[in-house]
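Protein chains in written order, with this note's numbering: chain A, 2 to 176; chain B, 23 to 314.
Don't read these hints as lab results, they were simulated from the structure. By construction, the Cβ of each residue, glycine as well, lies at the ideal position given by its N, Cα and C atoms. Treat the hints loosely; a few may be bogus.
Reference listing, derived: stretches of chain A covered by chain B, where coverage requires no fewer than 3 residues with Cβ under 8 Å from a Cβ of chain B [to be verified]:
(1) 23 to 34
(2) 41 to 53
(3) 76 to 84
(4) 114 to 125
(5) 138 to 152
(6) 161 to 167
Quick list of in silico lysine-lysine cross-link-like pairs, BS3-like style, CA-CA up to 25 Å [as the list claims (entries may be wrong)]:
(7) Lys121/B <-> Lys74/B
(8) Lys148/A <-> Lys64/B
(9) Lys78/B <-> Lys55/B
(10) Lys148/A <-> Lys78/B
(11) Lys74/B <-> Lys64/B
(12) Lys55/B <-> Lys74/B
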Amino acid sequence: MRATGLGAWALCLAMPGLAAGLPADAALDPAAAIKTLSPRVVVNSGRLEWEPHKRDLSAWPTLSHLDRRASIRPQQGAYSEPLNGDALRGRAIAMDPARGNCIACHILPGEDWPGSVGHLLSGYKRRGHADAYVYQQIFDRRVLNPKTVMPPFGAFGVLSDQDIRDLVAYVQSLD
Amino acid sequence: MKIRIILLAALFTGLVCAQENTVYRDMDLPVEKYTPHVTGDKTLSATYPFWKDRNKLDWRLAGNPEENWKLNWKFMDPPFNNTVHGGHFALDRGEDLYKSLNRDGRFAACLGANRGRLKGLRTQYPMYRKDLGRVASLEAVIEHCASAQGEVLQHGSYDNSAVSLYVASFSQGMPMRVDVSKGPMREAYERGRQLFHTKAGRLNFACSSCHTRNVGQQLRGSYITTPYGDVAHYPVYRTQYRLQSLHLRLIECNLDAGVQPLMPGSQAYTDLEVFLSALSNGYPVSVPAERD
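Start from the sequences, fold in the hints, and give me the full structure.
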C-alpha cells in the first residue's frame, strides 16, 4: 500500500506542469530570455501575434487553474540597525514605475499625478514610526495587516534590502 | 480482487493528487458576494444612476476629468460617442467575413443562432456548449466554428473580434442575460468570483484589490471604476491595441498589474468573463464602442 502511495505521489510529480510549475495555458515562450509574451493585434488577420513583454513575469503565480505554485506567505523582513538609507535614492525608487512606483497609490509631497489608494505620506516624519516598522511595511505589510492591498516588495523580491532602506530614509524625511 | 486493488490504487492516486491540488493562494478577503445583475453596483460604487441609461448621460460630468469616471466610461459608447472610429471599420470587416463564412448557413447554426438569426445571440454569451462540453465565450465559439470550415480565426485576432463585433451589433440595445443560476455556468461564475479575489503576480494584486475595495480612488491620477456593467461593449476599439476582445483586455490587465498573462480562451479567463458578464446582466449591448 505504501509503495502504491509513493508511486501515486511520483505520478503527480511526473505530470507535466506540476513539477515545473508553469501552467500550460500561460502566454509565454519557455525558450526565450523573457518568457512572458504580450499580444499584438494585426489588422485584417485571423492570427494573433505575440512579442516579448518588457519584463519576465513567469516566476510569480498566475490566475490559471493549472498553476500549481503557491503564493509566498507573509514574511517577516530581517531588518537590522543602522538604517543606512539614502533618501534621495529612495525618492527616485518611489517615482520609478519599474521599481517602487509608490506614487501610483500614495500622495507624496511635491509630486504630480499621485494615487489615493494608499495612506497620505505627507508629514510622515512627524508620525514617529520606528525605522524597523516602516521597513516591514514595505517589505511585507501583510504581517502587520492581513487585509492590505500593498505589494510585499521585499518578500516578493521586487525591491532589494538596500532599496527598502533607501525608501525608509525617504518617507521618514517627508514633512 | 484484482479490479478492487486497481480501483483502490486509482482512488489513492486521486487523493494524493487532490492533496497536491490544494495549493496556498493568497486571497483578497472577504470574497464579496456580488449580484449577477448590473444593479448590484448600487451597493458597490453607487455610480449606477449616472450611467444606467446611455441615452441620458450628463454631458457636464462627461466634460469634467475629475467626474467623468462616474459615467463608467459610457460616454465613449454610442450614442453619446457618435464619432466614426476604428470600431466601425472592424464592424465592416466582420460583416464581410461573416457573410463569406455563412454562405450555406452552417456558421450561424454553429454559433447557436436561432434559424439563422443573430438577434440576441451576443446577450447569452458566454454559455455552456454541450457540443464542446464546456462553457465558452462568443470568440472561442467563433474560432471553433471557423476552424470547422478550415478557416483560422484565432481568439483575440482582429478578424475574430471583428466577427464577434458584427454578431454583437444584432443585439444592439438588448440587455445582457447570461444565466448563471445553475449547472456549469453557475460553477464558472463561482470560480470567476473566486479568481476576481485571487492575488497573483509580482505585486500580489487581485482584481478586487482595486476594482472592489478602491472604486472611485485614484491610481497615478486615473480613477478606478466598478466591475459592474463593464462588458456589454466588447469587443472594443482601443487606440493602442486597435480591436480588443475581453480576453485581450484581461491580458492587458494582467500585464499592467505584473501578472503573467494566460492564453485567450483559457478556462480562468472564461470564468472571469462569465463572472463579469453576469455583473453586466440587464445592461444593454452597445457597439462599436471606443476606450482610451
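**Message:** Three residues or more, CB to CB closer than 8 Å: is that satisfied between the region 138 to 152 of chain A and chain B?
**Reply:** holds (count 5)
**Request:** Mind checking the alpha carbons of Lys55/B and Lys74/B for me, to see if they're no more than 25 Å apart?
**Result:** The given pair, whose Cα atoms are some 21 Å apart, holds under the 25 Å limit.
**Asked** Holds or violated: are the alpha carbons of Lys74/B and Lys64/B at most 25 Å from each other?
**Response** 11 Å, holds
**Asked** Within the region 23 to 34 of chain A, is the number of residues with a Cβ closer than 8 Å to a Cβ of chain B three or more?
**Response** With 5 residues close enough to chain B, the hint holds.
**Message:** Is the coverage entry for the region 114 to 125 of chain A by chain B consistent with the three-residue Cβ rule at 8 Å?
**Reply:** Satisfied; 5 residues make the cut.
**Asked** Is the hinted pair Lys148/A and Lys78/B satisfied, with a Cα-Cα distance of at most 25 Å?
**Response** The hint is violated at about 38 Å.
**Request:** Check, residue by residue, whether the region 41 to 53 of chain A contains three or more positions whose beta-carbon lies closer than 8 Å to a beta-carbon of chain B, and give the verdict.
**Result:** holds (count 8)
**Asked** Three or more residues of the region 161 to 167 of chain A near chain B by CB distance under 8 Å?
**Response** violated (count 0)
**Request:** Establish whether the coverage given for the region 76 to 84 of chain A by chain B is satisfied; the threshold is a Cβ-Cβ distance below 8 Å, and no fewer than three residues must meet it.
**Result:** violated (count 0)
**Message:** Given the hinted pair Lys121/B and Lys74/B, is their Cα-Cα distance within 25 Å?
**Reply:** 34 Å, violated
**Asked** Is the hinted pair Lys148/A and Lys64/B satisfied, with a Cα-Cα distance of at most 25 Å?
**Response** Status holds; Cα separation ~24 Å.
**Prompt:** CA of Lys78/B to CA of Lys55/B, is that 25 Å or under?
**Reply:** 30 Å, violated
The structure is inconsistent with the numbered hints 3, 6, 7, 9 and 10, although it conforms to all the rest.
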